[in-house]
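Engineer: Given chain A, work out where chain B should sit, using these hints.
Chains A and B are the protein sequences, given in the same order. Numbering-wise, the working numbering puts 19 at position 19 of the first sequence, and it's gapless, one number per residue. Numbering-wise, the working numbering puts 99 at position 99 of the second sequence, and it's gapless, one number per residue.
Where hints are given, some of them may not hold.
[What the hints assert, rightly or not] Under the rule of at most 27 angstroms between Cα atoms (straight-line distance), these lysine-lysine pairs were calculated in the BS3-like manner: (1) Lys36/B x Lys3/A; (2) Lys65/A x Lys118/B; (3) Lys55/A x Lys43/A; (4) Lys55/A x Lys70/B.
Keep in mind that the hints were calculated from the coordinates and are not lab data.
Protein chains: 2
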Amino acid sequence: MEKVNVEQKLSLFADHWSPKIVGELNGQHVKLAKLKGEFVWHKHDNEDELFFVLKGDFKMEYRDKTVVVKENEFLIVPRGVEHRPVADNEVSVMLFEPTTTLNTGNTKGELTKHVLEKL
Amino acid sequence: MEKVNVEQKLSLFADHWSPKIVGELNGQHVKLAKLKGEFVWHKHDNEDELFFVLKGDFKMEYRDKTVVVKENEFLIVPRGVEHRPVADNEVSVMLFEPTTTLNTGNTKGELTKHVLEKL
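For reference, chain A alone in the conformation it holds in the complex (with noise of 0.2 angstroms):
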């Protein structure tokens, strides 16, 4: 029932790839997390993921199109549809998605972070 600031938050942290939690409701989590460089290829087999650029804007890339997304932009990655993140320029974003989602879903490696930090 307090409140959040995003600038606040952000400004806690630097890495990238490395989703922080900021809030929980309804068995989702919101996360904020900074972005740069290429991310693997990866899906969600049971969660929709949401991006919200709140900074910045970024590549989606699918198989078959690329997205850019910009600053107040948002954009919904459907469950089971691989895509990989890519930011030419540091970007930030919040994410809205099941506390049970996986940073790189199905493509366990380097990049995976099975525990996130709370901020």
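Structural biologist: Coordinates of chain B only, in the frame set by chain A:
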């Protein structure tokens, strides 16, 4: 899988206390709303509700305290907690909540919206 531009969607309506659906994922709706004035006291028995302020600010009144929520801040109102949003000036907010959420919760009346427009 198409992106949604929040500013563009906000430009499509002017009415207050009438949330518009702009996205759906994992049984949740993403809504946009413009608030001005005093809403009704209500609670949601089964739904937590997130208010993210896009432009302006508003007060969330609880029975025992008031939280002022400003641009770039969000607030999660847990299920079962009575609340009343009050906006002295117009504020634009993004809502995340289950698709089952009725805007006035347990307080049905003239402000209740049984059917929401999708933008």
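Engineer: Please flag the earlier hints that this structure goes against, numbers listed from lowest up.
Structural biologist: none
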